[in-house]
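J.: Could you slot chain B onto chain A? The hints should help.
Protein chains: 2
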Amino acid sequence: MRIDAKEEKTFLKQVLAAYHFSEEDGEFLADTLVDADLRGISSHGIQRITWYTNMIKDGTIVPTNKPKVLRDTPTSMLVDANKNMGQIASGFTMKHLIEKTKKLGVSIAVIRNSNHFGTAGYYARMAVKEGLIGIATTNTRPLVLPTNALEAFLGSNAFAFTFPAEPHPFVFDGATSVVSSGKIQVLAKKGENIPGEWAVGEDRQVDQNAQRVEDNLSTIAFSDDRPDGGVLTLGGNLENNSNYKGFGNSLVIEMLTGILAQGSISADTNKGKHDFSQFFMTMDPTLFGDLDTLKANVTEMFDRIRNLKHLPGTEIKIPGDREYKRYAENQKQGVLIDDKTAAELAKVGDEVGVKAPKAL
Amino acid sequence: MRIDAKEEKTFLKQVLAAYHFSEEDGEFLADTLVDADLRGISSHGIQRITWYTNMIKDGTIVPTNKPKVLRDTPTSMLVDANKNMGQIASGFTMKHLIEKTKKLGVSIAVIRNSNHFGTAGYYARMAVKEGLIGIATTNTRPLVLPTNALEAFLGSNAFAFTFPAEPHPFVFDGATSVVSSGKIQVLAKKGENIPGEWAVGEDRQVDQNAQRVEDNLSTIAFSDDRPDGGVLTLGGNLENNSNYKGFGNSLVIEMLTGILAQGSISADTNKGKHDFSQFFMTMDPTLFGDLDTLKANVTEMFDRIRNLKHLPGTEIKIPGDREYKRYAENQKQGVLIDDKTAAELAKVGDEVGVKAPKAL
Numbered sequence: 001m002r003i004d005a006k007e008e009k010t011f012l013k014q015v016l017a018a019y020h021f022s023e024e025d026g027e028f029l030a031d032t033l034v035d036a037d038l039r040g041i042s043s044h045g046i047q048r049i050t051w052y053t054n055m056i057k058d059g060t061i062v063p064t065n066k067p068k069v070l071r072d073t074p075t076s077m078l079v080d081a082n083k084n085m086g087q088i089a090s091g092f093t094m095k096h097l098i099e100k101t102k103k104l105g106v107s108i109a110v111i112r113n114s115n116h117f118g119t120a121g122y123y124a125r126m127a128v129k130e131g132l133i134g135i136a137t138t139n140t141r142p143l144v145l146p147t148n149a150l151e152a153f154l155g156s157n158a159f160a161f162t163f164p165a166e167p168h169p170f171v172f173d174g175a176t177s178v179v180s181s182g183k184i185q186v187l188a189k190k191g192e193n194i195p196g197e198w199a200v201g202e203d204r205q206v207d208q209n210a211q212r213v214e215d216n217l218s219t220i221a222f223s224d225d226r227p228d229g230g231v232l233t234l235g236g237n238l239e240n241n242s243n244y245k246g247f248g249n250s251l252v253i254e255m256l257t258g259i260l261a262q263g264s265i266s267a268d269t270n271k272g273k274h275d276f277s278q279f280f281m282t283m284d285p286t287l288f289g290d291l292d293t294l295k296a297n298v299t300e301m302f303d304r305i306r307n308l309k310h311l312p313g314t315e316i317k318i319p320g321d322r323e324y325k326r327y328a329e330n331q332k333q334g335v336l337i338d339d340k341t342a343a344e345l346a347k348v349g350d351e352v353g354v355k356a357p358k359a360l
Numbered sequence: 001m002r003i004d005a006k007e008e009k010t011f012l013k014q015v016l017a018a019y020h021f022s023e024e025d026g027e028f029l030a031d032t033l034v035d036a037d038l039r040g041i042s043s044h045g046i047q048r049i050t051w052y053t054n055m056i057k058d059g060t061i062v063p064t065n066k067p068k069v070l071r072d073t074p075t076s077m078l079v080d081a082n083k084n085m086g087q088i089a090s091g092f093t094m095k096h097l098i099e100k101t102k103k104l105g106v107s108i109a110v111i112r113n114s115n116h117f118g119t120a121g122y123y124a125r126m127a128v129k130e131g132l133i134g135i136a137t138t139n140t141r142p143l144v145l146p147t148n149a150l151e152a153f154l155g156s157n158a159f160a161f162t163f164p165a166e167p168h169p170f171v172f173d174g175a176t177s178v179v180s181s182g183k184i185q186v187l188a189k190k191g192e193n194i195p196g197e198w199a200v201g202e203d204r205q206v207d208q209n210a211q212r213v214e215d216n217l218s219t220i221a222f223s224d225d226r227p228d229g230g231v232l233t234l235g236g237n238l239e240n241n242s243n244y245k246g247f248g249n250s251l252v253i254e255m256l257t258g259i260l261a262q263g264s265i266s267a268d269t270n271k272g273k274h275d276f277s278q279f280f281m282t283m284d285p286t287l288f289g290d291l292d293t294l295k296a297n298v299t300e301m302f303d304r305i306r307n308l309k310h311l312p313g314t315e316i317k318i319p320g321d322r323e324y325k326r327y328a329e330n331q332k333q334g335v336l337i338d339d340k341t342a343a344e345l346a347k348v349g350d351e352v353g354v355k356a357p358k359a360l
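If you read the sequences in order, they're chains A and B.
Sequential numbering of the first sequence, starting at 1, is according to the working numbering.
Sequential numbering of the second sequence, starting at 1, is according to the working numbering.
Take the hints with a grain of salt, since some may be wrong.
Since copy identity is lost for identical chains, a pair holds within one copy or between any two.
[As the list claims (entries may be wrong)] Distance condition first, Cα-Cα at most 30 Å in a straight line; then the derived DSSO-like pairs of lysine-lysine:
id, residue 1, residue 2
1, Lys83, Lys295
2, Lys317, Lys183
3, Lys295, Lys273
4, Lys190, Lys83
5, Lys103, Lys68
6, Lys68, Lys102
7, Lys309, Lys102
No lab work stands behind these hints, which were simulated from the structure alone.
Here the structure is a predicted model, which means the values were calculated and not measured.
Okay, chain A solo, but in the shape it has when bound (with noise of 0.2 Å):
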C-alpha cells in the first residue's frame, strides 16, 4: 500500500515523542526514515521502526542522551554517540561541520560508539544543500571478503559523496561491496536469484540462490562462530578483474572510521552494541571557483555523459538521477510499504497510542 509521506512524518514524530525523544531529535530523525522512503530506499525508511523500538526497550537506545563532543577543533570534531542512535549523533555532527567549512573552507568529523546510521546520502545532501561538498562513511556488521579469502571480515561499508549540480545535486549513495546485504535480502524475500557476482559460499564459487547466500550472511554478520563465504568487494570474485581494488576502497573506509574513531572495526561489531564509527568531511568548493560556474560546469559534464551513445534499451544515468526522480514521483503518489509493516506500524503505533498511516 501506499501513505502519505506527511502523514507518514506526523506518526513517527508521535511514536518518538512517546519514546522520549525531545521535539528536534524526533523531527530529524523522523526526517531521515521519511526521506529514505521517498527515495524508493525503503530498507532504510519506516520498516526500520520495530527493530529501533525494540532496541529502545532493551535499552541499547537510550533516547534521552546527547551526542557528547570529546575533541572539537576549528577544522574536526571526535564525538560519541552517547547510546544514542547514529542518525542524531551524524546530524548533530554534520551541522557542526557545515559551519566550520563556512569558516574555514574544510573540515572532518570521526563519531566512535555509534549505530546504524540509516542512508550515508543523507548527510552528504545536508552538506550539499549548503552549497558544500559532502562525504559521509561508516563501518557496517562483517559480511565482505578480502580478495582471495574465504571468511568475512570488511563491512559493506558505506559512501556518499555529493557535488553541487542543477535540477538536483550529485549524489553518490551506497555499499563500497559490490552490494549491500540489502539488496540480497529484498531477492530472497521475492523468491528470486542473484542477477549477478554479489556473493560466494564456503568455496569461494559464486553462489546466486539468494536465500541461502541470505542465510549465511545473518549467522556471519552476528556470530562469533563465523561460517565462511560472504559478500564480494567491487569486483566481483576474481583478482584478474581487480577486485583487489574494490578490498582497497573498502579497507579505506575501515581506517577512516573504526580505526580513527578507535572504534571497532567492521570485524568486531558484533561484539557490542554501539560499535558503529561514522567519518564525515565537508568542503567549501567556493575555495577554488564560482559556485555558480562550478555547478554549470558540471552539469554541462553530466549532460554530455547522459547524451553518449549507449547500448539499445538502456540509459546512462548519473548518480543520483533515479532516487531524485523516486523522490518527486513518491511526494505525489505517496511512499510504498509492505503489508509485513503495515502491520507492525498498527502494532507500534497501538503501543503508544498514535495511529499507524492510512493506506491512500
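T.: Frame of chain A, contents of chain B only:
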C-alpha cells in the same frame, strides 16, 4: 638489464640540469622517477625520459617555470602548474599542504593546467612520512566508458590513499577504472591476452586481444573523431555486477580535479597540452587519537586480514605490501630496464654529454 638506483638518479639529475631545471626541481623529478622504478612501476619510471625530452624540445614543458599560487587560504591552495611538469607543481603543493595540516589538521588543494604527474602514490606518501593521511588524485586522457555507454569519456583517474602503519604505511595507489591503459600496453608488447573483463570494442563486448584494444585506446585518447569502445570501470562490463559504482568513483575524481580546478575534464584533455588537473588532501590523524595507538591498531587489523583463511595457492596482500617488498629488493639488486629504454637513455645522455647508467 638492471641498473643501480643511485646511478640512475645521478644520471637523471645531470640530464635534467642540462635541460635547465633548477637543482631542487631536478632532484625532485629524478626522485619521483627512480622511486617508481624501485617500486616496480617501470611504466612511470625512467622510461618516460624520452617523452619528457620531446615535450621540453617542443616547448610543451618550460623547465625554468615555477608553479603559480592563484589562491591560498590557511586550509587550501589553488595552483597553476605554469607549463612545467605535473610532478613539480604536485610536489610543491603537497609540501605546502603538509605545513597547513600540521597547523590546522586538514587541508585540500587543486592544480590546474597541469600535466601527467607520475604516480599518485608518491604525493600521498609525502604526507604519510610526516604521520599524516594523504590523498592524491588526477584526471587523465579519455579512455573509460560510463555504465551502458559505447564511447569513452572518463579518465582512468588515479587515486592514492596513505595511512600510517608498521612496518610500512598503507599505500593504495592506482587507476579508479578496472585497470590503467599502461597494463594493457604491457600485455600488448608481450603479445599476451587480457586475462579479465578490462576493455570492450565498439559493440561493448569484452575484448581480450591486448594489441587490438591498445590500438583502439591510442586512437581514442589522442583523436577528436573517437572510435567507440574503451576501458571499463571497476565492476566490469555489466550493470548487474554494479559497474555503476566504478562509474560513480570515476565521476567523483572528475569533479575533484577537472571541475574544481576549472581545467579540462578528462573528455577534453586531448584538446590542449597542459590540461590535466589534480586534487590533493592531507589529514592529521592525531585530531582523533594518539598516533602510536592508531598505527598499532591499523597494523593489527592488517595482520589479522593477512592471516584470514584463503584460497590455496594465494596470498592476501594489503595494498602497499607488494610495492614495499619490491622497493627493498630493487635497492639491492638494481632496477630493471628493458633494452629499448637502455638504448633511449644512451641517446638522451649522448645529446647532453652525460653517460647513461651501466648494466649491473
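J.: Now, for every hint given, state plainly whether the structure supports it.
T.: Evaluation of the provided hints:
Within a single copy, Lys83 and Lys295 get their C-alpha atoms only as close as 39 Å, which misses the 30 Å cut-off; across copies the closest is 27 Å, which meets it. For the identical chains of this complex, Lys317 and Lys183 are neighbours both inside a copy (19 Å) and across copies (28 Å), given an alpha-carbon limit of 30 Å. In this homomeric assembly, Lys295 and Lys273 come within 30 Å of each other (Cα to Cα) only across copies, at 25 Å, whereas the closest approach inside a single copy is 42 Å. Proximity of Lys190 and Lys83 under a CA criterion of 30 Å is satisfied in neither setting, with 35 Å inside one chain copy and 59 Å between copies.
Taking CA atoms no more than 30 Å apart as the test, Lys103 paired with Lys68 passes in both settings, with 23 Å inside one copy and 25 Å between copies. For a Cα distance limit of 30 Å, the shortest separation of Lys68 from Lys102 qualifies both inside one copy, at 23 Å, and across copies, at 26 Å. Within a single copy, Lys309 and Lys102 get their C-alpha atoms no closer than 40 Å, and across copies no closer than 47 Å, so neither meets the 30 Å cut-off.
Consistency with the previously given hints fails for numbers 4, 7, ordered from lowest to highest.
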